[in-house]
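Q: Sequence:
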Amino acid sequence: MSSVASYITRNSLVHNLHPLTKIIGSLWFLTLSIMVSTPIHLMIILAMVIFCGFIARISIEVLKSLKAITVFAIIIFLIQIVFYKWGTVVFYMIPVVNWLPVTMEGIYFGISIGLRMMIILLSFIIFLSTTQTRDMMMVLVEKLKVPYDYAFMFVTSLRFIPTFMSEVKAIQEAQKARGYRLEGANPLKKIKAYVPIALPLVLISLAKGERLALAMETRAYGSGVPRTYLKEWKIEIKDIAAMVLMLSILVLAVYMR
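Counting in the numbering used here, the sequence shown runs without a single skipped number right up to 475 at its last residue.
Careful, some of the hints might be misleading.
[Stated by the list, open to error] Label-pair ranges, simulated between beta-carbon atoms:
| no. | residue 1 | residue 2 | range |
| --- | --- | --- | --- |
| 1 | L419 | L465 | 40 to 50 Å |
| 2 | S277 | K456 | 13 to 23 Å |
| 3 | Y439 | F382 | 56 to 66 Å |
[To be verified] Think about it this way: if two alpha-carbon atoms lie no more than 20 Å apart in a straight line, the pair counts; the simulated PhoX-like pairs of lysine-lysine are:
| no. | residue 1 | residue 2 |
| --- | --- | --- |
| 4 | K282 | K387 |
| 5 | K452 | K361 |
| 6 | K456 | K361 |
| 7 | K363 | K449 |
| 8 | K361 | K449 |
| 9 | K387 | K426 |
| 10 | K387 | K285 |
| 11 | K363 | K303 |
These are calculated hints, taken from the structure and not from any lab test. From the three backbone atoms N, C-alpha and C, an ideal C-beta is built for every residue, glycine too.
Let the sequences and hints guide you as you build the complete structure.
A: In structure tokens, the structure reads:
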């Protein structure tokens with residue numbers, strides 16, 4: 219089973235796009251989500267992101283990610299409506315003493331922030347799920363002229379995310395099999411219960427980092443030899459069409475704003 223944000227092998231239109239086009243697409247969704255402030259328009263952008271996931275033939279993985287991201291967005295929404303004090307008060311969370319007012323503007327702002335986070339995170343996950351590490355490196359180094367060391371650190375950190383998530387899940391299952399209780403209503407007990415997960419995760423992370431450093435040394439990392447790539451990507455008609463479409467929608471969004 220594929221982890222969230224790990225590469226998923228498919229033969230789809232999104233997978234076959236130039237990696238540079240997909241990077242531009244991720245930044246395009248980020249820019250649109252920042253420019254647009256109304257919940258209705260943000261919902262349309264979110265629907266576009268989900269549609270891209272379906273085109274990429276990773277709909278099941280996208281829906282699984284969407285479930286987790288929705289929980290995160292709801293938490294952000296609740297934080298926003300509690301701490302946003304300006305505007306027309308709709309009701310109080312503690313009505314007896316009129317504490318913690320919830321305003322109409324706070325609800326509006328909270329929904330917008332939550333949707334914006336869903337758009338950014340989901341588009342980022344789709345990008346990672348449809349782009350191989352070597353292709354990301356090629357674009358960053360060859361096309362965007364990012365120094366190789368910085369590009370390597372960035373791509374490696376991205377690829378460690380699904381690995382760590384898989385490790386956390388495996389450790390949780392192992393600790394549950396040993397009788398550890400990870401659920402509970404008491405927040406302090408819940409934090410304490412995660413110590414048996416955090417310690418093995420730190421040790422596993424250090425071991426993985428050491429193995430990675432050893433592998434880099436054995437492959438003469440930093441020797442200065444010119445690098446070649448297994449696959450040379452070229453900008454094709456479909457990439458140009460995708461960029462023109464993104465530019466047109468961006469111009470329309472600027473005009474409507």
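Q: For every hint, state whether the structure bears it out.
A: Structure-based check of all given hints:
Taking 40 to 50 Å as the suggested C-beta distance range, the pair L419 and L465 conforms, at roughly 43 Å. Taking the beta carbon of each, S277 and K456 are about 21 Å apart, inside 13 to 23 Å as hinted. Evaluation of the 56 to 66 Å hint for Y439 and F382 yields a failure: the beta carbon distance comes to about 22 Å. Between K282 and K387 the CA atoms are separated by roughly 15 Å; this keeps the pair inside 20 Å, and the hint holds.
Between K452 and K361, the direct Cα distance comes to roughly 11 Å. Compliance with the 20 Å bound is thereby established for this hinted pair. Only pairs whose Cα atoms come within 20 Å are accepted, and K456 paired with K361 is accepted, the gap being roughly 18 Å. Between K363 and K449, the direct Cα distance comes to roughly 18 Å. Compliance with the 20 Å bound is thereby established for this hinted pair. At roughly 14 Å between alpha-carbon atoms, K361 and K449 fall within 20 Å of each other, so this suggested pair holds.
About 17 Å separates the Cα atoms of K387 and K426, which keeps this hinted pair within 20 Å; it holds. Taking the CA atoms of K387 and K285, the gap is near 17 Å; set against the 20 Å cutoff, the hint holds. The hinted pair formed by K363 and K303 fails the criterion: a straight-line CA distance of about 45 Å is larger than 20 Å.
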